[in-house]
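Enquirer: Below, each chain spelled out in residue letters.
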Amino acid sequence: MKKVLPIIFAFFLLAAPVRADYNSAYNDYTYAYGQYRTAYNAYLVSKSTYLTYNTLTSQNDAIEKLRAVLSARDQVMFVYYDLLQEKINATASIPDDYKNTFAGIKQSEKDWLAANQTKIAAAASLDDLNSVSAEFASRYPQMDTETKQIIGTVYAAKEQTLNTQLTDWITSLNAKLAQMRADGQSTTLADRGLLNTKSKLDLFSQKMIEANGVFTTKNSDGIDLFKGQQTYSQANQYLREAAGFLTEIIKSITG
Amino acid sequence: MDIDSQQNRVEIVSPAPTPTGPAAKPKRNLIPLLVAFLAVGTLLIVIVGVSAGITMIERAMQQAALQPSQTVAPAPVVNVTPVSSKYATDSGVLQLRDQLQTISDAIDAVDLIEPQIAPPALDLNLNIKTN
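Chains P and E are the protein sequences, given in the same order. Positions 1 to 255 (my numbering) are the ones given, in order, by the first sequence. Positions 1001 to 1131 (my numbering) are the ones given, in order, by the second sequence.
Extracted from the complex, chain E is given alone in its bound form:
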């Protein structure tokens, strides 16, 4: 009985699943692709930025070159435009010029200190007193 029972025992085994659709592809690693994409993007941004900076500097230099330069003297130098005159060589005018030069020299050379006639330094408290 035991044997029969053992022989007649029906072993119920669930069947193995059988694939019904097409075969699934293995998953790819996207990280290197992402890194490469980012690197290329960054490089492009840097190139664009550098080129834009160079362009701006060049424009600034061009504008600076176009602007008028500052004069050293605060006031413009006044040039007396010589008048074309037949009196340029007139003896009277030339004589006046020489006289004026003499007077100008005298004005520049005038001594308004006159140390020779300065008051003498005298002690007004000359005395010998015993207390």
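Chain P with its partners taken away, still in its complex shape:
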């Protein structure tokens, strides 16, 4: 019975419908991760005990603790995909096609994780569990790439949204400046400021391309998330500088 309960629990977790909003997904994720950490600590203790005493009792305990932590690890990834799905759903400027594509990827990984869970539940020995664990480790680089690309997409969407807002604003400003010129007002300083702003926005675009390259790399080492964050931060700095020029233009008009 003790062996069956975690399987039933896992089944309900896997079969549970996806929560509609991001906060619920995040709560599920933090709960699952907490369960994993608890199971992981128990696994470390049990493993140490078994390797020290090598008794039948300690072996049985090691099997159950390893089974529990493997199941918890799968569960973390399962809800992590849900979390990322909700994140891109809640982020502006991400096309629906992209969301749908990721939904397909997520479902594929969930199917794989569910199959892995079944193997975990069916494993009868430490060797079986070790084998199932190795399958997860082999699969993980693919999951790591998929999930980090989603994170990169979220960063890019945020920056692109701000860039669009700034560009739209410049369009409105240009209309106002045209009106001022027609009215005989000098717009020399504003025109010069707009040239500087355009230069900064060009640099922003170049940096965005560079950042996108970090998240689509084919490097065997995988995606360097930190480097990607840094590059998007540099792009954001160009947006700040562009906004600074625009603020000066407005001040030159309003005084």
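Zero decoy hints are in this set.
Which residues of chain E face chain P? A partial, calculated answer using Cβ under 7 Å:
| no. | residue |
| --- | --- |
| 1 | Y1087 |
| 2 | G1092 |
| 3 | L1100 |
| 4 | I1103 |
| 5 | V1110 |
| 6 | Q1116 |
| 7 | I1117 |
| 8 | P1119 |
| 9 | I1128 |
List time: in silico DSBU-like cross-link candidates among lysine-lysine, alpha-carbon distance up to 30 Å:
| no. | chain 1 | residue 1 | chain 2 | residue 2 |
| --- | --- | --- | --- | --- |
| 10 | P | K106 | P | K218 |
| 11 | E | K1129 | P | K110 |
| 12 | E | K1129 | P | K119 |
| 13 | P | K99 | P | K110 |
| 14 | P | K251 | E | K1086 |
| 15 | P | K218 | P | K87 |
| 16 | P | K176 | P | K198 |
| 17 | P | K227 | P | K198 |
| 18 | P | K99 | P | K87 |
| 19 | P | K176 | E | K1086 |
| 20 | P | K227 | P | K106 |
| 21 | P | K148 | P | K119 |
| 22 | P | K251 | P | K200 |
| 23 | P | K110 | P | K227 |
| 24 | E | K1086 | P | K198 |
If you're looking for bench data, these hints aren't it; they were derived computationally from the structure. Since we're looking at a predicted model, the values are computed, not measured. Even for Gly, the Cβ is constructed at its ideal location relative to N, Cα and C.
For chain P, the structure is supplied; the task is to place chain E on it using the hints.
Expert: Showing chain E alone in chain P's frame:
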């Protein structure tokens, strides 16, 4: 004979020299005079030197005061000279200003770390193997 010879002996005595020119003055001691002269000279040199030093310091201070003071900022502060424009209070311009402030705030506040969606720290080497 002896007596005569003694009496007739003429004692030739050379006469004492008699002064012929005016009387010679006694020599004076010049050392105190020399010391006094040197002391006065040294004092004059010191006074001249001190006054020259004071003059030089005063000139240096005047020159330093005349030189422009260094600015703290390496670049001059650029002040945007407000253009006297009737658009200063234009509702469209003021609206643009408010919109830009909102966008600037959003740019400053953007979170590019997103710790909530950071990849979970998972142990990929979960196994129990006995050698």
